[in-house]
Amino acid sequence: MGRNEIRLRRHRMTARGIERFRNYNSVLKRHEDNKRIKKVIRVFGFFVVILIVVMIIIFLSRWEERSQAKDPVNTSEVIEK
Amino acid sequence: MSEEEIRQEESIIQKAKSNPAAFASLYEKYFDRIYYYLYRQTDDEELAGDLCSQTFVNVLNNIKKYELRGVPFSAWLYKIASNEVRKHYRKSKGKKVFSIEEVRIKELIEESDEVWDEDQINKLIDFMKDLPEDMLQVLVLRFYEERDFKEIAYILDITESGAKMRTYRALDKLRKKFKIKIKYDG
Chain A
2 MGRNEIRLRR HRMTARGIER FRNYNSVLKR HEDNKRIKKV IRVFGFFVVI
52 LIVVMIIIFL SRWEERSQAK DPVNTSEVIE K
Chain B
184 MSEEEIRQEE SIIQKAKSNP AAFASLYEKY FDRIYYYLYR QTDDEELAGD
234 LCSQTFVNVL NNIKKYELRG VPFSAWLYKI ASNEVRKHYR KSKGKKVFSI
284 EEVRIKELIE ESDEVWDEDQ INKLIDFMKD LPEDMLQVLV LRFYEERDFK
334 EIAYILDITE SGAKMRTYRA LDKLRKKFKI KIKYDG
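If you're matching them up, the sequences are chains A and B in order. Going by the numbering used here, the first sequence wraps up at 82, each residue one higher than the last. Going by the numbering used here, the second sequence wraps up at 369, each residue one higher than the last.
Be a bit skeptical, because a hint or two may be false.
Claimed, not checked - Here are the computed lysine to aspartate or glutamate pairs in the EDC-like style, where the Cα-Cα straight-line distance is at most 16 Å:
id, chain 1, residue 1, chain 2, residue 2
1, B, 278, A, 20
2, B, 200, A, 33
3, B, 279, A, 20
4, B, 247, A, 6
5, B, 276, A, 6
6, B, 356, B, 285
7, B, 360, B, 317
8, B, 306, A, 6
9, B, 279, B, 317
10, A, 30, B, 313
11, B, 247, B, 313
12, B, 306, B, 329
13, B, 278, B, 313
14, B, 274, B, 233
15, B, 312, A, 6
16, B, 212, A, 20
17, B, 276, B, 316
As the list claims (entries may be wrong) - So the derived label-pair ranges between C-beta atoms look like this:
id, chain 1, residue 1, chain 2, residue 2, range
18, B, 286, A, 34, 49 to 57 Å
19, B, 270, A, 48, 41 to 49 Å
20, B, 250, A, 30, 25 to 33 Å
21, B, 193, A, 43, 24 to 32 Å
The set of hints was computed from the structure by calculation and includes no laboratory data. Glycine residues also receive a C-beta, built at the ideal position from the N, C-alpha and C atoms.
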């Protein structure tokens, strides 16, 4: 058993059988589809980033509100000091 | 390839960067070569056809990134096709297949002390089965695709001296074992 499989062909390859695979329109269509998918992924990624940023902002503002409620600052005490 | 042809190709590539339909003429020009290259490494017409289409889709997907790097445009196509073959074998986990033409073997052998009969060819095939895959790849590119060492280095992502070394090592083994002289030795 060797590392590779070597197959011997008795005849030279001809261009006849290959024609059914030659189709530039299908290649072009697949390229356009890939482009569209990439665009959708990019837009989706952009919205995910925006969503994460908004969530962070909301979380930070609530955290700030909560910490202020826990420790209310008495204005008269501050003035007396 | 003449200077004029290189200039024409370059202008088509530039057009294809903004309009992929412009690439059609280069697709027609290189389709056969890339298909045969893939067929030699798969021995399966359908699979070679699929890999060939995927190669050209990848070419179009990445054409905006293409830059001239001192090798012909076709070398970039071979590089992408090589990556597709590698990806296929990684997924299928099968043994790598190399399909070679008997006529071409006889063409490559310039001089031999012995008569090249069926038995000798079978011995050569057995010998090739045990060659490391990277050596076989270099031999395929050098003798079947007739690429120069600079292009081989670019296609396989190795240095030019590395490509030369792999070829000479493989040829040396062949010469010692079969006492033959091979064309394109230099």
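16 Å Cα cutoff - pair residue 279 of chain B, residue 20 of chain A: 25 Å, violated
Below or equal to 16 Å on CA atoms is what counts here, so check residue 279 of chain B against residue 317 of chain B. Given pair residue 279 of chain B, residue 317 of chain B holds - Cα atoms ~11 Å apart, limit 16 Å.
Hint check: residue 360 of chain B vs residue 317 of chain B, CA-CA at most 16 Å. Holds or violated? 20 Å, violated
Can the restraint linking residue 212 of chain B and residue 20 of chain A be considered satisfied, given a maximum Cα separation of 16 Å? Answer holds: residue 212 of chain B to residue 20 of chain A is near 13 Å, not above 16 Å.
Does residue 20 of chain A lie within 16 Å of residue 278 of chain B when you go C-alpha to C-alpha? 28 Å, violated
Does the structure keep residue 200 of chain B and residue 33 of chain A at a Cα separation of 16 Å or less? 13 Å, holds
Is the straight-line distance between the alpha-carbon of residue 278 of chain B and that of residue 313 of chain B 16 Å or less? Holds, at roughly 12 Å.
Please work out if residue 30 of chain A and residue 313 of chain B have their alpha carbons no farther apart than 16 Å. Since the Cα atoms of residue 30 of chain A and residue 313 of chain B sit roughly 42 Å apart, the hinted pair is violated (cutoff 16 Å).
Can the restraint linking residue 247 of chain B and residue 6 of chain A be considered satisfied, given a maximum Cα separation of 16 Å? Given pair residue 247 of chain B, residue 6 of chain A is violated - Cα atoms ~37 Å apart, limit 16 Å.
Is the straight-line distance between the alpha-carbon of residue 306 of chain B and that of residue 329 of chain B 16 Å or less? 24 Å, violated
Checking one constraint from the list: CA of residue 247 of chain B to CA of residue 313 of chain B, max 16 Å. Satisfied? 40 Å, violated
Checking one constraint from the list: CA of residue 356 of chain B to CA of residue 285 of chain B, max 16 Å. Satisfied? Violated, at about 20 Å.
The structure is inconsistent with the numbered hints 1, 3, 4, 6, 7, 10, 11, 12, 18, 19, although it conforms to all the rest.
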